[in-house]
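Trainee: Input sequences plus hints: build the corresponding full structure.
Number of protein chains: 2
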Amino acid sequence: MAKYAKIPEATVRRLSNYLKCLEDLEQKGEKVASSALIALICNVNAAQVRKDFAYFGEFGIRGMGYSVNELRYHIREILGTNREWRIAVVGIGNLGSALLMYKDFLKQSYKIVAAFDQEPVKVIGHISEQIGKPIEILHIDRLKEVVKARNVEIGLITTPPPEAQKVANLFVEANVKGIMNFAPTQIRVPSHVVLRNVFFTAALDNLVYHLSN
Amino acid sequence: MAKYAKIPEATVRRLSNYLKCLEDLEQKGEKVASSALIALICNVNAAQVRKDFAYFGEFGIRGMGYSVNELRYHIREILGTNREWRIAVVGIGNLGSALLMYKDFLKQSYKIVAAFDQEPVKVIGHISEQIGKPIEILHIDRLKEVVKARNVEIGLITTPPPEAQKVANLFVEANVKGIMNFAPTQIRVPSHVVLRNVFFTAALDNLVYHLSN
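Here the protein sequences line up with chains U and Y, keeping their order. If you count the first sequence from 1, position 171 lands on 171 in our numbering, and the numbers rise without skipping. If you count the second sequence from 1, position 190 lands on 190 in our numbering, and the numbers rise without skipping.
Take the hints with a grain of salt, since some may be wrong.
[Stated by the list, open to error] Pairs of lysine-lysine, BS3-like flavour, derived with a Cα cap of 30 Å:
1. Lys-107(Y) - Lys-166(U)
2. Lys-51(Y) - Lys-6(U)
3. Lys-28(Y) - Lys-103(U)
4. Lys-51(Y) - Lys-107(U)
5. Lys-6(U) - Lys-6(Y)
6. Lys-28(Y) - Lys-166(U)
7. Lys-28(U) - Lys-51(U)
8. Lys-103(Y) - Lys-51(U)
9. Lys-28(U) - Lys-166(Y)
10. Lys-51(Y) - Lys-51(U)
11. Lys-177(Y) - Lys-111(Y)
12. Lys-103(U) - Lys-103(Y)
13. Lys-148(Y) - Lys-166(U)
14. Lys-31(U) - Lys-166(Y)
15. Lys-166(U) - Lys-31(Y)
16. Lys-103(Y) - Lys-177(U)
17. Lys-103(U) - Lys-31(Y)
[Unchecked claim] Away from chain Y, derived, C-beta distances all over 12 Å, residues of chain U:
18. Ser-16
19. Ser-34
20. Lys-51
21. Glu-70
22. Tyr-73
23. Arg-76
24. His-139
25. Arg-142
26. Asn-169
27. Val-189
These are calculated hints, taken from the structure and not from any lab test. By construction, the Cβ of each residue, glycine as well, lies at the ideal position given by its N, Cα and C atoms.
Mentor: Here it is in structure tokens:
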């Protein structure tokens, strides 16, 4: 995977954003996009776009812009999203249910293949309407077995904070590679597991910093 | 507000994370914390912690560490979270409901004072149990009037993607200062309004990048 240089975090974030914009463009039938157009849609300046794209060599057509399809291909290759990633969600309350129905996951090859809760009787009826396939919610006692059997690589934690560490431990024992924690509490994982937190207060703090300064 | 130097985005993110850790420490009754302890809890290295704290001058006590209370005070002052911010949420589906019940918002002076949906008959019964006070869900037609009357400064959008731009326009007309968009689509706002997107695919892209590289 050492085809591309190591990329700064901020660039990774922007690449992810470009990818989303390019998908929107592709859906609208656009085949070619200038850096100016991409910049406009993504709320970035055009010089930044060109600088970011320079990370993976020259492939824009001078005076024409970039091939939307080719650009998507390269960004997905860099990010590692050019293949399916199998995901499990634990904690099917409001947030867990929202994630199960998040349509953009499918667009990006993120496939939720297992869902767990302490109350397995919950059935998210309308998922079947939204993404075409209902998902059975299993009791958390089955996590380790099912995560292994279904080749889950990434675990999402959407439990209340007091449960989050226990769930993280189960995911680690089941050999997931990455954990995304939505529970507003710090959890610990061994260094070979990649952990990312999604704290909604952090997003608001960032917004408020820019409103205040 | 020019008391502190402009801070890089990555530092803003870490400050927000430190703040969360410090709140956890304070709840546990800790009065003083070393940079090593803060680093451990926040999954950052200690040198990074000391470097970040240097942005707001020297106030650690050599050999003792930092006063948890004082540190919280400074970080909140820098971020601008040292006062109440009044928030409205539009789109009370699963994600909107999750945000209405997000306990950490209150800890950080983020106060949700209005909630809107196209179906105002929805009542989130269990909010009353969770955060002590039920919130009435109003019809979206009342957004402009209510947002102004309740001095809302920040709008959260948790509608389906096709509704997001319309809601953003309403928020702008109602003079909110900042918008946080959770709908997985790009929206546009005038330059005097601060916009932040929370796309769950972006968080997963970042995780996957680190799993792949």
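Trainee: May I ask which of the numbered hints given earlier this structure violates, with the numbers listed in increasing order?
Mentor: 3, 4, 8, 13, 17, 18, 23 and 27
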